[in-house]
Amino acid sequence: MARITLDHIRHAYNEKARAAGDYALKEVHHEWEDGGAYALLGPSGCGKTTLLNIISGLLRPSEGRIAFDGADVTDLSTEERNIAQVFQFPVVYDTMTVYDNLAFPLRNRQVPEAEVDRRVRDILEMTDLSGMATRRARGLTADQKQKISLGRGLVRADVNAILFDEPLTVIDPHMKWVLRSQLKRLHRQSGFTMVYVTHDQTEALTFADKVVVMYDGQIVQIGTPAELFETPRHTFVGYFIGSPGMNVMPASIDGATASVGGQTIALSAAPRLPAAGRIELGIRPEFVKLERGGLPVQVEKVEDIGRHKIVRARFAGQKLAIVVPEEEEIPAEAGIRFDPSAIGVFADSWRVGMGA
Amino acid sequence: MEKTWNNKAWFMVLPVLVLVAFSAVIPLMTVVNYSVQDTFGNNEFFWAGTQWFEEILSSDRFWDALGRNLLFSGIILAIEIPLGIFIALKMPKAGLGVPICLVTMALPLLVPWNVVGTIWQVFGRSDIGLLGYAANAIGLDYNYVNDPFDAWVTVIVMDVWHWTSLVVLLCYASLVSIPDAYYQAARIDGASRLAIFRFIQLPKMKRVLLIAFLLRFMDSFMIYTEPFVVTGGGPGNSTTFLSIDLVKMALGQFDLGPAAAMSLIYFLIILLLSWVFYTVMTSHDAEA
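Chains as they are written, first to last, in full-length UniProt numbering: chain A, 1 to 356; chain B, 1 to 288.
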């Protein structure tokens, strides 16, 4: 259990990349609270796993320091940092039984056998593996193996943090849901600092108190699921969180009105724009209202996904997604209205403040 | 689903059957034929029954040679397998060192067997050989021509030099196929170096080690060329292995019957031992 301080961390995988300024992880400077449940969310190759490995000590950052509870651990090994980590693909010790696999991290640390037994039985219970404790790990299915990997990460009682690197990728959907709730419960009970890497927004939003969205080697926003949804700081966050993602349209701004391809849209207030930059409007499909009158729009396609309908339309030459409640009709001569309070203004992809 | 029987398919395997018949089955049968007959030349053969088999199995010469074979295979396996694993573990996993090590390792395997023998025969000579001369210069009384112990040392060191690479290459191939995540997980689980070897590396190498073990056993049990070139089976009979003895009997003395009987016994021993090793070593897999 520890507060994790990332002090100006940067990482390049080799000297050549570093000299060229090609960092896999660009400047990360943050403090993560003790006992927090964080999800690192982002597309493949955005540096999530790199950051995770830097925290666990499998990688040493090219620049910057990392501290647990204020104590510098940058030069400490994974073992000395006392970290547990679960990997994307199952790692099991083939020749050992399921029980011995789970006991392995404890026995390596000379935990008394009675305590080992108690912890292992807890984990067997939690992962629903009790029935096969004495089986050899070799013959198990991929998701049973992954449960063992997960169990080995959770079995130690004294870790500083538990890190998960997309641990549920190989688990079937139902079990995924069960395990995720188990992890959540375990987090509440134990108060471990947990960091969970995923590219699945549902997984991130259900697991974490704070979601850390990463894009192109940097953290673009840290926030609660609601914050990410309502006020994305970066167009990427808007696009990545939510389904479908936020509509982003190039625009020009004059005072408290914006215009997109000749159409004028009212804003809640005049945004504080920087001197120069590419201006975009962002609005979530949930806050675009389809109605008679309003701004002209061409409906191209309607996807009925059960709970609601997604209308794919074209507005002023731009693609626009609109979420329409299931029971509502789609009017033939449709127009749209934007909810002014839900419109975000972005300059060079970053959100700008509203009002004077 | 009904299985389709297509008898024409058998014709497809016919060429292989013919090839195997000419290359293995028919020669083997001629040996069987010789083993139950006696000849005094002139291509005249007389029925001898199991006489040669009884003679071979009751001769000290055969049992001594068999004992030497078993001792030789035992010693080289005990050296080459652990040494091969050790070198494979120490080899670099990335960088320029990889091709350098691999090529260095592969070199002994590329040398023809009789050349290996010649190299060591010269290398070990105490008058002009680097090894022999150096050993004598530092006060070791080394002479593989006169001393049976020295002859054994030479033959064993030669085999280790020649074949450890095979074990190394096989082990190395399976070691590099272990994903990094295993080592990372082991570090996180606080596993010691020994535990990593015991629980990750050894289980992954098990299959190739079985192959390496069988290959090295069969090959060392049939060893002929190198000791024949270096020691010629001497001094005395101290390095006369079954194969060397067999050639002496068949071509030196032209005792076709006993030689054929001995070949068959020799063949059956190798077959039996290989089967025993394979069964014992794979039985572990089945129970899991």
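Hints were generated in silico from the structure; no laboratory data involved.
Certain hints may be false.
DSS-like cross-link-like pairs, simulated, lysine-lysine; straight-line CA separation at most 30 Å [stated by the list, open to error]:
no.	chain 1	residue 1	chain 2	residue 2
1	A	Lys16	B	Lys93
2	B	Lys90	A	Lys26
3	A	Lys210	A	Lys184
4	A	Lys26	A	Lys289
5	B	Lys204	A	Lys16
6	B	Lys90	B	Lys204
Footprint (simulated), chain B over chain A, 3 or more residues, beta carbon under 8 Å [unchecked claim]:
no.	stretch
7	103-114
8	262-276
9	332-342
Negatives, chain A to chain B, calculated, CB over 12 Å [to be verified]:
no.	residue
10	His8
11	Ser56
12	Pro90
13	Thr231
Predicted, not measured: the structure shown is a model, and the values here were computed from it.
All C-beta atoms in this analysis are idealised placements derived from N, C-alpha and C, irrespective of residue type, glycine included.
With d taken as the least Cβ-Cβ distance between Pro90/A and chain B, does d exceed 12 Å? 9 Å, violated
- Query: Do three or more residues from the stretch 332-342 of chain A put their C-beta atoms closer than 8 Å to C-beta atoms of chain B?
  - Reply: Our answer is that it is violated, as 0 residues pass the Cβ test (under 8 Å) against chain B, missing three.
Between Lys210/A and Lys184/A, does the CA-CA distance stay at or below 30 Å? It holds: about 13 Å lies between the C-alpha atoms, which stays within 30 Å.
For a C-alpha distance cap of 30 Å, please report whether Lys204/B and Lys16/A respect it.
34 Å, violated
- Please count how many residues of the stretch 262-276 of chain A have a CB within 8 Å of a CB from chain B and say whether that reaches 3. violated (count 0)
**Message:** For a C-alpha distance cap of 30 Å, please report whether Lys90/B and Lys26/A respect it.
**Reply:** 35 Å, violated
For this session: Check the non-interface label on Thr231/A: least C-beta distance to chain B beyond 12 Å or not.
Result: Non-interface label on Thr231/A holds, nearest chain B Cβ at 37 Å vs cutoff 12 Å.
Hinted pair, alpha-carbon criterion (30 Å max): Lys16/A, Lys93/B. Please report holds or violated.
Since the Cα atoms of Lys16/A and Lys93/B sit roughly 20 Å apart, the hinted pair holds (cutoff 30 Å).
### Message
Does Lys289/A sit within 30 Å of Lys26/A, going by the straight-line distance between their CA atoms?
### Response
Roughly 39 Å between the alpha carbons, so the hint for Lys26/A and Lys289/A is violated.
Problem - Given as non-interface: His8/A, partner chain B, CB spacing beyond 12 Å - result: Nearest chain B Cβ is 25 Å from His8/A, so the label holds.
_Can you confirm whether the C-alpha distance between Lys90/B and Lys204/B stays at or below 30 Å?_
Holds, at about 16 Å.
Count the residues of the stretch 103-114 of chain A whose Cβ falls closer than 8 Å to any Cβ of chain B, and tell me whether that reaches three. holds (count 4)
Going through the hint list in order, the structure does not satisfy hints 2, 4, 5, 8, 9, 11 and 12.
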